[in-house]
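Here the structure of chain R is known, so what remains is to put chain D in place on it, guided by the hints.
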Amino acid sequence: MRLAIDYDKCTGLGLCEAEAPDVFEVQADGTLLCLDENPSEALRAEVESACASCPTEALRIIED
Amino acid sequence: MTDSPDDVRDLVVVGASLAGLRAVEAARRTGYDGRITLVGAEPHLPYDRPPLSKAFLDEGRAPEAPPFRTEEHLREELGVDLLLGTPATGLDATDRVLEAGDREVGYDRLVVATGAAARMLPGTEGVAGVHALRTVDDAIAVRAALDAGARTVVIGAGFIGSEVASGARKRGLPVTIVEGLDVPLTRSVGPEAGQVCADLHRANGADLRLGTGVREVLVTDGRAVGVLLDDGTQLDAELVVAGIGVVPSTGWLRDSGIGLHERDGALLCDATLATSLPGVYGAGDVAHWPNPLFDGQLMRLEHWTNAAEHGAAAASNALDRSGGVPVSSVPYFWSDWYGHRIQFVGVPQADEVVVLADEPYLALYRRGDRVVGALTIDRPTQIMKLRRLNSQRTSWPEARTFAEGLPALRAPQPAG
Chain R
22 MRLAIDYDKC TGLGLCEAEA PDVFEVQADG TLLCLDENPS EALRAEVESA
72 CASCPTEALR IIED
Chain D
858 MTDSPDDVRD LVVVGASLAG LRAVEAARRT GYDGRITLVG AEPHLPYDRP
908 PLSKAFLDEG RAPEAPPFRT EEHLREELGV DLLLGTPATG LDATDRVLEA
958 GDREVGYDRL VVATGAAARM LPGTEGVAGV HALRTVDDAI AVRAALDAGA
1008 RTVVIGAGFI GSEVASGARK RGLPVTIVEG LDVPLTRSVG PEAGQVCADL
1058 HRANGADLRL GTGVREVLVT DGRAVGVLLD DGTQLDAELV VAGIGVVPST
1108 GWLRDSGIGL HERDGALLCD ATLATSLPGV YGAGDVAHWP NPLFDGQLMR
1158 LEHWTNAAEH GAAAASNALD RSGGVPVSSV PYFWSDWYGH RIQFVGVPQA
1208 DEVVVLADEP YLALYRRGDR VVGALTIDRP TQIMKLRRLN SQRTSWPEAR
1258 TFAEGLPALR APQPAG
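Here the protein sequences line up with chains R and D, keeping their order. Just so we're aligned, residue 22 is where the first sequence starts under the numbering used here, counting upward by one. Just so we're aligned, residue 858 is where the second sequence starts under the numbering used here, counting upward by one.
What the hints contain is simulated information worked out from the structure, not anything from laboratory work. One or more of the hints may lead you astray.
Think about it this way: if two alpha-carbon atoms lie no more than 25 Å apart in a straight line, the pair counts; the simulated DSS-like pairs of lysine-lysine are [stated by the list, open to error]:
#1 Lys1027/D x Lys30/R
#2 Lys911/D x Lys1027/D
#3 Lys30/R x Lys1242/D
#4 Lys30/R x Lys911/D
Stretch by stretch, here's where chain R covers chain D in the computed footprint (C-beta under 8 Å, at least three residues) [to be verified]:
#5 974-983
#6 1227-1241
From the derived model, a few chain D residues whose C-beta atoms are all more than 10 Å from chain R [claimed, not checked]:
#7 Asp890
#8 Arg1250
#9 Leu1266
Backbone N, C-alpha and C fix where the C-beta goes; we use that ideal spot for every residue, glycine too.
One chain only, chain D, in its complex shape:
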C-alpha cells in the first residue's frame, strides 16, 4: 500500500530520461495510484544515453536506439500521461503549476529531472559538422560524419570526447583532441589517473594537444572545415565534436524562487532530494545533494547510476508520508576507450592517490584516514569489491591491505 498522503493525487515528473523514467516506475512501486504525468523536452521516449558515444558510433549497420520502455508500457502498464517534445518553461510554486509552453500542469508533488544540456562552442550554432554528443540526434549526426570518413577534431578530453575519439580511431580515422588543461580529466579522476588516460589516447594514435584552447572553428559555406588553435595551429576537419561539459537545465526555473547553486545554477537539494520549494524534488544531473556517505559533501554527478538511483529515490521520498529517507550512494562511472574499460568508484577529491599497479591500472584515493575512491582500467572483477570499501567506510590501512591483496591481472590485448 502507498504511504503517500491521501491528498496527493498528481505527481508530475519533468525530464523524460533515465531519472524521470525511474521516478515514475518507483512511484508505481510504492503503490501510488494517482495521476502521473511525464514531461520531456525531447520528442523521444526515454532512451539510454551511454551507448550513444560507444557502440552507437561503431562501423557497420546503424544500431537502433530503442527506448527503455514502449509507449504502450508507459501509458497502459504504468498509467503515465506522456507530454513529450514539450520543454518546461516555468514553475508557479504558489499554485503548484508546471508551465510547458502554453500547457499548464498542476502538481501535488513534482520531481525535477531535467538533466543538463551539452555546452556548445560559442558561435557555432547551425554550422554543419559541429556537434555536441548528448542526445540520440547528436549521435546520429556524429555517426553519419564518421561514416563519411571525416577527419575529426574533438574539443575537450573528457569522457564523452574521449569516447568519440576512440570510436573514430577504431574506424582508422585521424583524430586530434584539443584540451585546455595540461592533464586531462583532473577534476574527474585526479592528475595521476588523468595522465594514464592521456597515454591511452597516444598509444592508440590520437593526436592529443594539451594546454591549448580553440580560437575559432573555421567555416566555409556554413560547414566546418577546420579548427584554429590559440597557438596558431590550424587543424583540418570535417567533424568537430565539442565535449566541453554541460549546463544544468534549470533556466526555466529562474523565476520560480527555487534554490539554485550560485556556481552552476543546478538545484540545491537536501539529503532526501527535497528542494527549497514545498513538494518539489530534484534528481540526477540537475541536482546537488549532500551525500551522507561522504560526510555530507555536496555533490552533483553526471553518472548513469546516479540518475537511476536519484530518480527512484526522489519519487519515493516525494510520495512518502514521513518525508522520505536520505539518499546515500557511492558514485560509480565507467568509460570505454580503445577496447579498455575505465571504472571509477567514489570521489576523486583526495589527500593522496596511491597507484598500486600500472598494468592494468589500479589506484586508490585517500581522504583523511579512509578510502574515498578507486580507479581501475581493465579490472572489471575487482571494481565492485573496491566499491564496497567505500560503502563500508573502510579505514585507509585496511583498504590498502585489501587492494594490495587483490590478484595481479594480466593486461588484456587491445581489442582489434
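Here chain R stands alone, though its shape is the one from the complex:
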C-alpha cells in the first residue's frame, strides 16, 4: 500500500502519529513527516487506524 497525504488539509494534530508512530511524525514546526510512504502489510492495522483518526481527513491509503 501507498500513502496519499494532503498536506494542505493536514494541521499537524498528531493523531496519526499516535496510531502509527513508525509511519508518521509531526515535526517541531507542526508539519507532518511521513517516515514510510510504502508501509509494509504488517503495519496495515495501525495505518488504517491512523487514516481513520485524522480530524482533517488528510490521509488516504492507495492500494498497490
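Chain D alone, transformed into the frame defined by chain R:
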C-alpha cells in the same frame, strides 16, 4: 462478516454529529447489513465543529462548512436513512421505540450521541448580538458580527471563549474576557497551566477580567449594547459570546428510565458504553463512562477525539454478539489561540503538576506513582510521544526522565 445477533435488524443512531457519523460508519465496517437510521436535531448533515471557533472566524472570504459526507454517500454508500431537523423527544424502552416529534422509530439497538447544548446566559434568548458558539449557525452569526467590527465581550475564559477572543484580536478588534474564576481553565488543565493560558490573552491584547461575574447583558431595542459586571463595571459591546459550558442533551430521556448522572444529567454508561437500558449505548459528549486506562475513573469528555472513538466503539459494541469490549482511551484535545497551539493529553486531576519548560511550555501531571497527563504549547512534535507515556501507564520517574530528555524547542514567533 457481522458478529451481530441475527435478530438485530434495526440500528438507530440519535445525534447526527461526529459521534453519530462514526457510529454508522463503524456499523457498516462490522459487516452489519440491517437498517440504519440516523436521527439529528439540526437540519444539517454531520459537520465538523472544531474549525467553527478557529479558521471559520478569520477575516476574508466566508469559509465553507462542508459536511463530513455528502447526503448521497450517506444514503447510497452507507445505506443510512436520514432523519434530520428532527430532535428526539422520547424513548419507550419497553417497546424499543425512539420518539422524535410525531415520528416513531423502532430499534433493536440504539446509540445515543445527542451531545450537549451550549449553555445560554439567562434572559438573553432572542437578543440580537448575544451568541453561544456550538453550531454552524452560531458561528455564522459570530462571524458576521466580527465582520461588522463589533466590540466583543466573551463571557467565560474556557477554550471556546478563548478561541473566539483570539479570532477577534486577530482582526484587531477590542475584546474583553470576563471569567468568574480567579484562574481560568482550572478544571480543564489545572491552575498552573491556567495561569499560562491567562498570560497568552494578556500578551495578545485581550482585556482579561478574572474573578468577576456578569450581572446583566444590557439591551437596547432588542440588541445587545454592553455587559454590566458584578463589580459595577460597564463594558460596551455589540457582540457578546457566552462560552459558559454545555448541558448534556438528555432532557428527552427524562421519562425513559435510563440511568443519568445526578450532577449533570448525562448518560451513565459502563466500560463498553452500554447504558442501563437493554440495547441502548451512549457515545461522545453525552456519556459518562469508566475509563479502564485511568483505573475506571468516570469521565465525560467534550473532545473531538472522544466523540470519534466513542461513536465507533458504541456501534461496534452494540452490534457485537458477545457484548463488546471496554473502551480505553487517553483523552486528547487541542486549542489554537493567537497563533499558538495548546495540546493536552490525559487527565488534569493530579497530585502534582511539574512545569518542565516555560518557553515553549511543557508540564507533566502526576497522580500517585504514574504520569496521567501532559500539556504543551507549541510542541506539536512532542505531544504524541508524551501521550504514549499515558497509554503505557508509565511510572512517574520514567516519564519525567523521558520528558526532561526531550529537545528544547525555540519558541515560535507569533503568527501575524
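Going back to the hint list, which numbers does this structure go against?
The structure conflicts with hints 5, 9, although it agrees with all the remaining ones.
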